[in-house]
Each structure stands twice: as C-alpha cells, then as structure tokens.
Amino acid sequence: MTENIFYKLRDDIENGIVTGEFEPGERLDEMQLATRFGVSRTPIREALMQLSAIGLVEIRPRRGAVVVDPAPQRVFEMFEVMAELEGIAGALAARRHTEEDQTTLLCAHDKCKEAVAAEETDRYYYENEIFHRAIYAASHSGFLEEQCTALHRRLRPYRRLQLRVRNRMKTSFGEHGEIVEAILSGDAHGARERLRSHVAVQGDRFGDLVANLSNRERRNGRLGSAPSSAN
162 MTENIFYKLR DDIENGIVTG EFEPGERLDE MQLATRFGVS RTPIREALMQ LSAIGLVEIR
222 PRRGAVVVDP APQRVFEMFE VMAELEGIAG ALAARRHTEE DQTTLLCAHD KCKEAVAAEE
282 TDRYYYENEI FHRAIYAASH SGFLEEQCTA LHRRLRPYRR LQLRVRNRMK TSFGEHGEIV
342 EAILSGDAHG ARERLRSHVA VQGDRFGDLV ANLSNRERRN GRLGSAPSSA N
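Residue numbers for the sequence shown follow our numbering, beginning at 162 and rising by one.
Check the hints yourself; a few may be wrong.
[What the hints assert, rightly or not] Okay, the calculated beta carbon distance ranges per label pair: (1) R329 to R224: 16 to 24 Å; (2) E281 to Q193: 28 to 36 Å; (3) H350 to A278: 18 to 26 Å; (4) E245 to T332: 38 to 46 Å; (5) S213 to S346: 37 to 45 Å; (6) F198 to E336: 30 to 38 Å; (7) R188 to H350: 43 to 51 Å; (8) V200 to T264: 35 to 43 Å; (9) R256 to R314: 43 to 51 Å; (10) I166 to R256: 18 to 26 Å; (11) I291 to K331: 15 to 23 Å; (12) G186 to E342: 17 to 25 Å; (13) S346 to G199: 30 to 38 Å.
[Unchecked claim] The calculated lysine-lysine pairs, modelled on DSSO-like cross-linking and capped at a C-alpha distance of 30 Å, are: (14) K274 to K331; (15) K272 to K331; (16) K169 to K274; (17) K169 to K272; (18) K169 to K331.
Just so you know, the hints here were simulated from the structure itself, not pulled from any lab data. We treat Cβ as the ideally placed atom computed from N, Cα and C, and that holds for glycine.
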C-alpha cells in the first residue's frame, strides 16, 4: 500500500467520524472496515491508531477502537490555545522569514487559491494545512513549530468540519491574504492579530461548529453550554 492510499484510507475513516456516519460510542470493527475499503486489517489498524492519537477514537481492551464523543467545550478550548500559538508563530514569521520562506508561503497561498477557484473543499483542506505549516516553519522556532503541528493535528477533523460551513472556505482564503501581507511586510503585531482571529472559534463561527457537533450528539443528550466568544 502506498503512502497516499494509506492517508486516503485514514482520511475516509476520519471523515466518517466527523460527519456522523460512525456514531459516538460505536465500535469500529477492523474486519468490516477492511472489507469495505478492500484492504487488509494491518493498514486499518494503523489508521485507527493514528486517529486515536488525535483523539477521534479510543482503543479499549477487548473492544478495540471506539468512536469518541467530543465535548464541544473541549474543542473550544483547543481552538483557543491554537489561536494563541498561531498568533505567536505569525509574529515570529513576520520578523524572521527568509526569501525561501516567502517563496514557500506564496506558493502555498496560490495552491489554496486554486482550490477555492475550483470550489474543492477537501483540496482546500489539504492546501490549508500546508499553508499553516509554512508559517510555523517561517517562525524559525523549532519548539513552537512542534507544538503548533501537534495541536493542529489534534484539530484536523474539526477544521475540516468548519470548512463545510457555507462560505467558510472563501472567507478563510480572504483571511489568508491578509495574513500573508502582514507577514511579508514585517508587521509582527498585524500578523499575530490576524492569525489569532483566523483560528479563534468565536461568535457565529463557534455557533456553527457547535451546531455541527450537536447534530451528532443530540441522541446522547451530552451537549452542554459553552461560551459565546473567546477572550
């Protein structure tokens, strides 16, 4: 199995979880998934382990992989921290970026533009990841890049969920343009604030995300109250 096929397999299972095809508490049977996707159990097991690492499934003794029921408050808190980390990365990138970093960032931005023009949400989702990683790298802080990458990985499925909200992809790309301008002009304060705003789940965006999560959780009655905005 090639690396690309494995990533598609993992992403297909991830997508089934975030869209509610696989419900919270449901056991993900390795043999059934292997039959469905036409692969052996080994890549299925590896995919489930990766999904366990980002908190989408839990590997339980004698039960195997079980879909985790995400608490919206927990998701909100992760986005809060991600917003602050990315803001710092943007500020450092504005002060430290090299010509190579500039080229990489502009190339990533162009790829996002192509995905928007083609109205391909999934493609934009992947190009968006590359765009953000380019910012982390341009910060030239190895520790910060590690922390941003780790939390970004934890939030992958929820970022994907956000992009399915109407007009979010185009809005996201517009914000990218402002971020690129701030970084490349050396405006550390502007880059920080634009990235914080870009990532923060607040106001209508948080409500949209909770609405999507609540559609999956309503049967269990687990959706609690959450703040209406980030501080």
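> In ascending order, which of the hints set out earlier in this document are inconsistent with the structure?
Replying inline: 1, 3, 4, 9, 10, 12 and 13
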